[in-house]
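There are 2 protein chains.
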Amino acid sequence: MINITLIGTGNVALQLKEVFEKTDGIQVNRIISGRGDFISKIKLKKAKSDIYIIAISDDAISSVSQKLKDSEKLIVHTSGSVSMNALPEGNRRGVFYPLQTFSKNRKIDFQSVPICIETEDKNDLVLLEKLARLVSSSVYEINSEQRKSLHLAAVFVNNFTNHMYHIGNELCDTENIPFEILKPLITETALKVNSLTPFDAQTGPARREDKKTIAKQIAQLADSNHKKIYQAITNSILNAHGKEL
Amino acid sequence: MINITLIGTGNVALQLKEVFEKTDGIQVNRIISGRGDFISKIKLKKAKSDIYIIAISDDAISSVSQKLKDSEKLIVHTSGSVSMNALPEGNRRGVFYPLQTFSKNRKIDFQSVPICIETEDKNDLVLLEKLARLVSSSVYEINSEQRKSLHLAAVFVNNFTNHMYHIGNELCDTENIPFEILKPLITETALKVNSLTPFDAQTGPARREDKKTIAKQIAQLADSNHKKIYQAITNSILNAHGKEL
Chain A
1 MINITLIGTG NVALQLKEVF EKTDGIQVNR IISGRGDFIS KIKLKKAKSD IYIIAISDDA
61 ISSVSQKLKD SEKLIVHTSG SVSMNALPEG NRRGVFYPLQ TFSKNRKIDF QSVPICIETE
121 DKNDLVLLEK LARLVSSSVY EINSEQRKSL HLAAVFVNNF TNHMYHIGNE LCDTENIPFE
181 ILKPLITETA LKVNSLTPFD AQTGPARRED KKTIAKQIAQ LADSNHKKIY QAITNSILNA
241 HGKEL
Chain B
1 MINITLIGTG NVALQLKEVF EKTDGIQVNR IISGRGDFIS KIKLKKAKSD IYIIAISDDA
61 ISSVSQKLKD SEKLIVHTSG SVSMNALPEG NRRGVFYPLQ TFSKNRKIDF QSVPICIETE
121 DKNDLVLLEK LARLVSSSVY EINSEQRKSL HLAAVFVNNF TNHMYHIGNE LCDTENIPFE
181 ILKPLITETA LKVNSLTPFD AQTGPARRED KKTIAKQIAQ LADSNHKKIY QAITNSILNA
241 HGKEL
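Line by line, the protein sequences give chains A and B. Quick note: the first sequence, position 171, residue 171 per my numbering, numbers continuous. Quick note: the second sequence, position 102, residue 102 per my numbering, numbers continuous.
A portion of the hints provided could be inaccurate.
In this list, chains with the same sequence are indistinguishable; a pair is considered to hold if it fits within one copy or across any two.
Taking lysine to any residue pairs in the SDA-like style, the calculated list, with each CA pair at most 20 Å apart, reads [claimed, not checked]:
id : residue 1 : residue 2
1  : Lys104    : Asp200
2  : Lys69     : Thr174
3  : Lys183    : Arg106
4  : Lys216    : Ser83
5  : Lys22     : Ser136
6  : Lys73     : Lys243
7  : Lys148    : Asn85
8  : Lys227    : Asn239
9  : Lys17     : Ser136
10 : Lys227    : Glu244
11 : Lys148    : Lys183
12 : Lys107    : Ser195
13 : Lys228    : Asn239
14 : Lys212    : Asp59
15 : Lys122    : Ala86
The set of hints was computed from the structure by calculation and includes no laboratory data.
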């Protein structure tokens, strides 16, 4: 049995709570709000868990984890962009980063969520990997340097991609076209990279070096931010394929 | 029975051929290569179809369709970015635009592909809609002006999104991380807009106005094109949510 104290009440903490509570071999001892003012050293030390999982906002990880300093237990955070070294030096420490976007109203199949783990000590890696494999079939050992790149990659494929959908939505709105109409294309674009690399899957005016269409579409965009995005991505596609405008 | 002559041998033409040939009520009379030099007026007029579907590259639509001029049959093209007026004036004309990305090695469920139709004449709309509804459950009447916006929206949600995946792939490569690890995130990001608007689904450093992370990530990017994309999309997300950097 792996005993867990979970610190945090956001989307990641809630998802972990849900999946841990229904998994044999994991026991959630305690859930503590991530708000620093409510966490006392005593409260935390009383919890006597094998692993303390800090699932709170990036900025608060360092200060909250200080309250666990000198504990003999393994402390991990769940952030993509914070180094393992943000946790107190001298403690057993690590990272348990589930690479997925969580929102309150969507069910996620946790078995397919990649879990990126890192620990300072080899023995702790065994424990953290055991926990990860109980909830996911996709576990990777990823160090802090790699995680920094991975998190940046996630910003592109998640945050920035979602903004592409938003611009698509806005362009539909201006012409009274239901956004629904774009959804099969959005889904297929995502599924396509399961069978083709994004490099090989690239199509469109930039890939074809279709300068006429590119110029027309930039002129067609009313929003200056959207124009800049169109230009920057077009240049980058051309460059990736060894071309220039 | 609707009799079709299909002009073109690219991905769209092949997908249409496949779905038409297996659909009751549709007969593909003839398939003609889209290469202008092989199309003679005689060949086309002999085909005696109800609808001539021109599924060739945008630039060739106007000249190839001239060879059908003065035919009494309905001529349509399949392009998102070419106006219906590119087809010969005086002829019965229209557009049959399937809004999806087609590639040789991927099976598409055509029933869920949105078909955008437009005709000059009301009676032709009935015929073209009949054809569309035989192959898809999702048929929209979209005029040339709307189609121009829709096609631009498709560039953002398909071509540009795919380039976001490519950048994600490159960032993984530099740290020897398998691109596989990003795929569940890519899929969930796409599926999320089925239950949330892209506006509401937006997360990440720009949405949180997390200036520290934004600055760090821009510095982290080695490719100057990627830097420009990061900056342009970040500004646009901030702007969409009423903020400024």
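>> If you test the structure against every hint from before, which numbers come out violated?
In response: 2, 6
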